[in-house]
Amino acid sequence: MADHIPLHPVPRRTQRRAAYYTSLPAAQRHHRYQVEDESSLLDEMPLMMSEEGFENDESDYHTLPRARVSHRKRGLEWFICGGWKFLCASCCDWLINICRRKKELKARTVWLGCPEKCEEKYPRNAIKNQKYNIFTFIPGVLYEQFKFFLNLYFLIVSCSQFVPALKIGYLYTYWAPLGFVLAVTMVREAVDEFRRYQRDKEMNSQLYSKLTIRGKVQVKSSDIQVGDLIIVEKNQRIPSDMVFLRTSEKTGSCFIRTDQLDGETDWKLKVAVSCTQRLPALGEDSDPTVHESLSIENTLWASTVVASGTVIGVVIYTGKETRSVMNTSNPKNKVGLLDLELNQLTKALFLALVALSIVMVTLQGFVGPWYRNLFRFLLLFSYIIPISLRVNLDMGKAAYGWMIMKDDNIPGTVVRTSTIPEELGRLVYLLTDKTGTLTQNEMIFKRLHLGTVSYGTDTMDEIQNHIINSYSQMHSQSSGNSTSSTPSRKVQSSAPKVRKTVSSRIHEAVKAIALCHNVTPVYESHAGVTGETEYAEVDQNFSDENRTYQASSPDEVALVQWTESVGLTLVNRDLTSMQLKTPGGQILTYYILQVFPFTSESKRMGIIVRDESTGEVTFYMKGADVAMSTIVQYNDWLEEECGNMAREGLRTLVVAKKSLTEEQYQDFENRYNQAKLSIHDRALKVAAVVESLEREMELLCLTGVEDQLQADVRPTLEMLRNAGIKIWMLTGDKLETATCIAKSSHLVSRTQDIHVFRPVSSRGEAHLELNAFRRKHDCALVISGDSLEVCLKYYEHEFVELACQCPAVVCCRCSPTQKAHIVKLLQHHTGKRTCAIGDGGNDVSMIQAADCGIGIEGKEGKQASLAADFSITQFKHIGRLLMVHGRNSYKRSAALGQFVMHRGLIISTMQAVFSSVFYFASIPLYQGFLMVGYATIYTMFPVFSLVLDQDVKPEMALLYPELYKDLTKGRSLSFKTFLIWVLISIYQGGILMYGALLLFESEFVHVVAISFTALILTELLMVALTIRTWHWLMVVAEFFSLGCYVASLAFLNEYFDVAFIMTVTFLWKVSAITVVSCLPLYILKYLKRKFSPPSYSKLTS
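The end of the sequence shown is residue 1101 by our numbering, with every number in the run present.
To be clear, the hints were calculated from the coordinates, so they are not data collected in a lab. Keep in mind that this is a model prediction, so the values were computed, not measured. Beta carbons are placed, not taken as given, at the ideal position from N, Cα and C, and that holds for glycine. Honestly, I wouldn't trust all of these hints.
Claimed, not checked - Now the in silico label distances, taken between C-beta atoms and shown as ranges:
#: 1; residue 1: Leu1081; residue 2: Leu959; range: 30 to 36 Å
#: 2; residue 1: Glu601; residue 2: Asn343; range: 49 to 55 Å
#: 3; residue 1: Thr459; residue 2: Ile679; range: 49 to 55 Å
#: 4; residue 1: Lys320; residue 2: Asn644; range: 40 to 46 Å
To be verified - Calculated lysine-lysine pairs in the DSS-like style (CA-CA distance at most 25 Å, straight line):
#: 5; residue 1: Lys824; residue 2: Lys965
#: 6; residue 1: Lys1088; residue 2: Lys969
#: 7; residue 1: Lys268; residue 2: Lys320
#: 8; residue 1: Lys953; residue 2: Lys969
#: 9; residue 1: Lys320; residue 2: Lys106
#: 10; residue 1: Lys824; residue 2: Lys131
Turn these sequences into a full structure, and let the hints guide you.
The structure is reproduced here in structure tokens:
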């Protein structure tokens, strides 16, 4: 093997593509556009050069004039007119770049099979999804915790207890809860991190065969280096970006599945480098040195899967530098909206705390060291802000996660991010992928229409009979001849036109569908991996059992499989011919003269074939109705039938043919070859020559293929729409397909219009098109990625504003980074919560950017489900996940958060009343264990049992998705509900304290006993008041807490007078105070339920 194959110049067109595929940061992209206009020096460039490469190679001659123009406005004027902002931004960027040490990308020389000869150090080929490493784990987790105002405040309060003058009570009363919070968080983060590590390890330890001088060696995916020769078997993941050197397929090409990269599950054809494919065996030196240009079709990208044969490639990019990794963004730490709202409320509580302390010191008259007293008051009232809030909420989140995973109605659901289950109850925008998420990506042939007659799935057997009859007639006619073939139709073409029989029209249509495609039949040979497979196909008997079809479009495979089912089977195809098998078992051979592949501009594909037996040349063409309606002869049914099929959600293709004489074909071939050799406007000239053939073609039939939707997609989308969630579909697929699925899945309801945004490339066009769109009302928008890019460049705000008013939006031809960009735009412009759902590697960026990411474990692999916050197995599960679990998580956490705050407020109110009665002394009311016990063992279980509460049954929540709309308004936790709880706390705290002071007898100890017992009872009764649906565990928690308190009275001699507690007076005083504090609230609740019930209670009654 040549020790080293220099990667030499490529033709200019592929060069640009090559440069593009290094997928460099957007900031550097503008250099590409500068270079495109300037042809100098392009031809001397090495392959895969990055944009920096372009800069450095460009002579300064091109760039200097531009630089001068942009730098003219320097000096003071420039500095004042926003220059300071620019300088600050530049400094920040410079610092970030220094910290990240971005490696400059430049051309590289790769030594085949000798990675040790590479001078540079390249990154390891390891997949890494972890957030922390051993050293950053503790600092990282602590930063994430103390970033919250609540925790930081408690850290400061706890530290203040080390100062003797400020010490109030025991150290453990402050440090124990804080330590517990941090311990719980760290354990949870560590478990999440360990799971990520295990998933990465599984991917990194996949084994591959590496070719070395000593033969084949097994190597782990993470140990692969630049320059290694790697053998990848069929259905194996390609571990890194490689140049494709050799394949076991005879044709010298193979198919790869790119669904993890771009979401398209159709297979892409890749071609091996011809000089290495021709070598008799790898390892032989080739003499002389080979120079061959490489193009994008000689590359194999990481994370794609080999679909046919065994391939050998040389590794050129590893790890962080692979295309798939450069296309994904770093995951951010997601924080739920509820946490942010509670953070705001704790800040409000802190202000109240400071105000209360200042009022106390003022009433004291600023005597003595008043600032020390102020700080002591701050510490005394510090229970206003409850430390147990975070513990309770975090334990609640863990409980919700467990409930989601244990729900039998959504089996296989996994909660990967346990911090944001409440987000599921607050979503306004759902951004979904199409392929594999809404659809199963399985095409099924549904309809054949011949103009006068239409065949559906139930009448396919008629077609089969027609085909069998027509081929058996031909066989009998031509059995006298030595060759078995179709009858010559040359006679017919010169005869006057006779109306054909249905049978002959079906025969023509099926033959056209069986010939006009890019499908290759592949036979699974059971030979070893060595050379045998290469020749296994030669003496095949074309048996039906082990044949599979491969093509770059699943539609084409569906059509060929259908022709096989009606009796005409494609059995073999290479670059020059294809063979069909008739129902009688004859083999018909057709020579492929020309193939015109499908492009998104032409929307059609054509093929010219010569029948081996008759020598007849026929031009077949199939394509979208828009493209074909002008090409075929006049007819009155095509447009109407296409509309009918599209309404059924079928993807339509029009099939036509034209018989050519030998002279016509020779004339065409000469003009076509001439056009292909022209240097200027080659594409236009070639298209013009092909168009000269595309005239007055005979319309054969119209086909309808269905991309099957996932189970229950329609009712699920309907439910989400009724719940007030706006659905955007972001797909890498074609515009027509995306529109078709949007209709068939009822993403766009039947009555709605669809506005297809015309392709725009400049500011003016975008302006006109946006104005046209503005005039439409209540219609769904369909836009392509390129047009979207232009609109966002010039009219970002206007576009997002218009799009947000649409009931549904479909973005097609979206790149992965574009998907993530759209999510961020929605978050930025609307401030609403977004959810992204997808199933392929191309959806990872979008899933990570959204407030809540959901991944589906599908055919496209597990990449999306591993990166997501929640992983489900089917799209329909999202309905229950949001309507039931999202609702419950949010409602429960809101109730829990406010109740924990109420628990802190009530005791602070009692402290304030106590201090004000006793001459504003900064002395604690309850000390030591009473405070710790109050926040933990006495009230913790009943309060936490609120996580089992539910306002409506799951069946109701699913039946009336409209209930979900209320949640998005955030009414369960708002300043209004918070103020109501504050007023309740002040009322109850005041009653409990004043009642105890009024009714206490000889000793102060009695005040503590009466007020504390009444406080515990009040808390237990308040939990009972808050609960909407009782659960047996709640009852257990209430009685268990009460039992704990009664049992502990025996041990708390230092706080309580045990003899007094045993008396009847104690009991009646406590009962009286508790009734006064709670009864009015019960009466108010009853009246509110009677006269202004919430929406859900109307359904449950």
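Status of each hint after checking the structure:
1. Distance hint for Leu1081 and Leu959: a CB-CB separation of about 32 Å, consistent with the stated range 30 to 36 Å.
2. Separated by about 52 Å at the C-beta atoms, Glu601 and Asn343 satisfy the suggested range of 49 to 55 Å.
3. The beta-carbon spacing between Thr459 and Ile679, approximately 53 Å, falls within the hinted interval of 49 to 55 Å.
4. In this structure the supplied range 40 to 46 Å is violated for Lys320 paired with Asn644, their Cβ-Cβ distance being about 51 Å.
5. Between Lys824 and Lys965 the alpha-carbon distance is near 23 Å, which keeps this suggested pair within the 25 Å criterion.
6. Proposed proximity of Lys1088 and Lys969 is supported: the alpha carbons are some 21 Å apart, at most 25 Å.
7. A hinted pair counts as satisfied when its Cα atoms are at most 25 Å apart, and Lys268 with Lys320 qualifies at roughly 24 Å.
8. Taking the CA atoms of Lys953 and Lys969, the gap is near 21 Å; set against the 25 Å cutoff, the hint holds.
9. For the suggested pair Lys320 and Lys106, the alpha carbons sit about 15 Å apart, so the restraint of at most 25 Å is met.
10. The suggested pairing of Lys824 with Lys131 holds, with an alpha-carbon distance near 21 Å, which does not exceed 25 Å.
In the structure shown, a violation is registered for the earlier hint numbered 4 alone.
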